[in-house]
Structures are given as structure tokens and as C-alpha cells.
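Those letters in the sequence shown? Residues 44 to 468, by our numbering.
Hints are computed from structural coordinates only; laboratory data are not their basis.
Where is the CB? At the ideal position from N, CA and C, for every residue including glycine.
Among the hints, erroneous ones may be present.
Here are the computed distance ranges between Cβ atoms for each label pair [stated by the list, open to error]:
1) K205 to K409: 55 to 65 Å
2) P271 to T424: 45 to 55 Å
3) D161 to L261: 53 to 63 Å
4) N317 to T435: 16 to 26 Å
Once the Cα atoms are required to be at most 30 Å apart in a straight line, the calculated DSSO-like pairs of lysine-lysine come out as [said to hold, decoys possible]:
5) K287 to K225
6) K388 to K225
7) K205 to K301
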Amino acid sequence: MSLRASAVAVFGLAVFAVWSVACGSSSDESTIAGGTTGGAVGTGGSGGGTGGGISTCTTNDGCTSGTFCSASGTCIVDGTCTTNADCTGGDACAKSGKCLPPGTCSDDQDCADGEVCDTATGSCAPGGSCGANVFKIEAVAPNMFISLDRSCSMTGTGGGGKTKWQIAVEAINKMLTDFNGKVRWGLGLFPDTVGASCTQGAAQFPVADANEAKIQSLLNASLKKADPFYPDGPCVTNIDTAMKQASQEPSFADTTRKSYVLLITDGAQAVCPNNQGDPLTIQIITQLAANGINTFVIGFGSGVKAASLNKFADAGGVPNNDPNNPSLHYYQADDAASLQAALGKIAGSIVGCTFTLNDVPPDPSKLYVFFDKVSLPRDPTHASGWDYDPATNQISFYGADCDKLKKNQVGKVDVVFGCNQPPPR
């Protein structure tokens, strides 16, 4: 079978490899010595026919030189066997017809399907008909569109001698650095600096690969009052049109990866001409969630309207279930530490559990997955373990097993086609 090989993908501290295997079958017959021509079977220990056919026996005396009477009652060549009873010293009769210590081999037929005998060590290892060709798998980075409030109130104090805008910029920059390459980022600032004060034009950065440095550069520049994105006007909080802008993000049409919106605001919906306020925001967030795009909500500072943000968070499908503050369904941040913690928790919750195979398995029912060579069960209920989506050719991990990947507690993940055994490397 011809297989295409490629490199191993590395994700965080975990190395992810896909192994393609095609298990053949090994002979189940043991070797029994006999003549080279078909003599009849003799009786009473004497060989029948000419040419030395298989002889029955009761003692070694009934066998010729270089053979012995096996437990099966036939004369076989010295050093071979037909059953375990022919072996001594704890050895077992292997498929090759030789007495060997359990777990060892002398040639490939002593090994299971998909394994070959490493004669140097006398042990079985994946290979042979099972192959050992590495295929590339890639972590599927989710899309995250950040909708960031730059209303005038963001110039207010946020603690520690810094404005809320300074704290927000530092916290977002840290998140982008911490999750560099693991998320595809986009950014929209509201209110916009063009058009009417309650409208939104094009986003500053549509979601794309390698946007981290570009977004950080814009945010760092916006710390200066002379910068057009410094939060000194328009002085409105147009959450509804900001969410409309987010809903039009082009990358959300990509159904092969998860997409999210992150709303960060320090205030409540402004009264704008012709706007629909909170009802429109809830409608948009609800529709996004129906399309599989969840919205995280962070309220920054004491000027937020908790009742509205709770509704937004519930509609978004990923509320903050904080047992210490069950009345708040959104993430409340009041200083730099809590904002950084909220951003880290949100970003960490969306990464690390979906991977694309670079080849389509011929039979998905013969996929096997291993964490550090330990078999992981397939779970179509998605409570834990893993599952395969043939529509996207992706493997996803769930529950505690997904958490292990996110926390870098898995050294190596192997995905194997055909044989339920980890690769040798």
C-alpha cells in the first residue's frame, strides 16, 4: 500500500502525529516438520510411506534422529513445538513453532496483525503490513472577533493610576501574546470614528491568521491622545450597531472552525437616533448563537448595566457560571487583574481540541486515538474522549480529555488508521 508521508505537527507542548496503517493477517498455523513427499501416516511410531511423512508417536524412541515426540503425538524437529506442553522453563509455543519466553518473537508470524518482529530485541513492534507512515494533522484555530468599547468613559480611572483604556489595551495585548497562533483574531472598535456617531463602518481588522502584531500595534498607538482611535469621541456606547458589525464578520462563514464574538464594554447602550438598543443586540447575539457562533460578554468597571449584560451573555450561549457570583451571567472585571483573568479564561476555553487530518481515512470506524500511547475511547455523545466528523475530516476531543490538551498535560497524541495500537515512536 502506497502511503504519503509528511511532518509531525506540534501544538503547544503536545506533539500530534497521525499514523496510517493497513493491517494484514498473520498465519495462525504452527510449523510441523515432515517429509518432503507425501508418505502415509504410520502407526506405532514408525513412519509410513517413503519420503518421511508426518509420523505419530508415543515416545521419543518412535522418532528419527533430530526429532522428538511432541505432546500432540507426532514427531517434530528438535527445537520446535506444536503446543505449550512441548516447551519447558516457562516458555510458550509461538506461532512460528518455536518455544519462546512469553511476549517475545523469532519472526513476524509470532506477532499480532500489524506488527513485525524486531529480531535484534526479540520483541514485536508496529510495522510491516501495518506501516508506520506519519501524516500531518493541524490544530484548527478558532475565530474570535473582539468588539471593544472605545467610548469616552474608557478614559476614566481603572485603578492603579491607569485609565480603563490603558488597562484594556494591556490586557488584550497579553491575551494576544499568550494565545499567539492558537486563535485567529479580529478587532472592531466602537464607536467608529467615521460616519454618524451611532453607526459602524468596516472593522479595523477582519479575522485572519497572524493578526496579533497588527492589532497590538493599533492598540498601542491608540494610547496617545493624538491617535484617531484614542477614546475621546464620539462619546456614545453603540453596542447594538457594534454587534451588527460583528455579525457581518466574513470569517464566520467558515464552518470548518468554531467562531466567537468577544464583547467588552464599560457602559450601557446609548440612546441613538433610529437605533433599537438592547432588543436589537439580543436579537443579533441570539441569531449568531443559532448559527453556532457564541458571544462572550465582559463588563468593565462600575458603569455597566448588569441586567442588559446578563441578557446578552445568556443569548450568547457561553455565560460565566461563577458559583461565587451566580447573579452575574457575564464576566465582571473591575481592575487589571480581573480583566486579564477573564480574557485568559475565555481564550483558554476555546482553543486546543479540534484537529484536521490531511488525509481522509478510508474507513472512519477503524480510527484509533492514543494519548501518550494509551488508547482513548471514541465517544459520539461528546461527554469525553474523541469523535470524528467526516464532513470536515476533523477529530475533536471533549470533556476531561479536551481539558488535558488545553493544560498541556498530554505529551503526544497519535491518530492511527486500521490497527488499535500506538506507533513505535
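Each hint tested on the structure:
no.	hint	in the structure
1	K205 to K409: 55 to 65 Å	57 Å, holds
2	P271 to T424: 45 to 55 Å	51 Å, holds
3	D161 to L261: 53 to 63 Å	57 Å, holds
4	N317 to T435: 16 to 26 Å	41 Å, violated
5	K287 to K225	26 Å, holds
6	K388 to K225	14 Å, holds
7	K205 to K301	35 Å, violated
Violation of the numbered hints given earlier is confined to hints 4 and 7; the remaining hints are satisfied by the structure.
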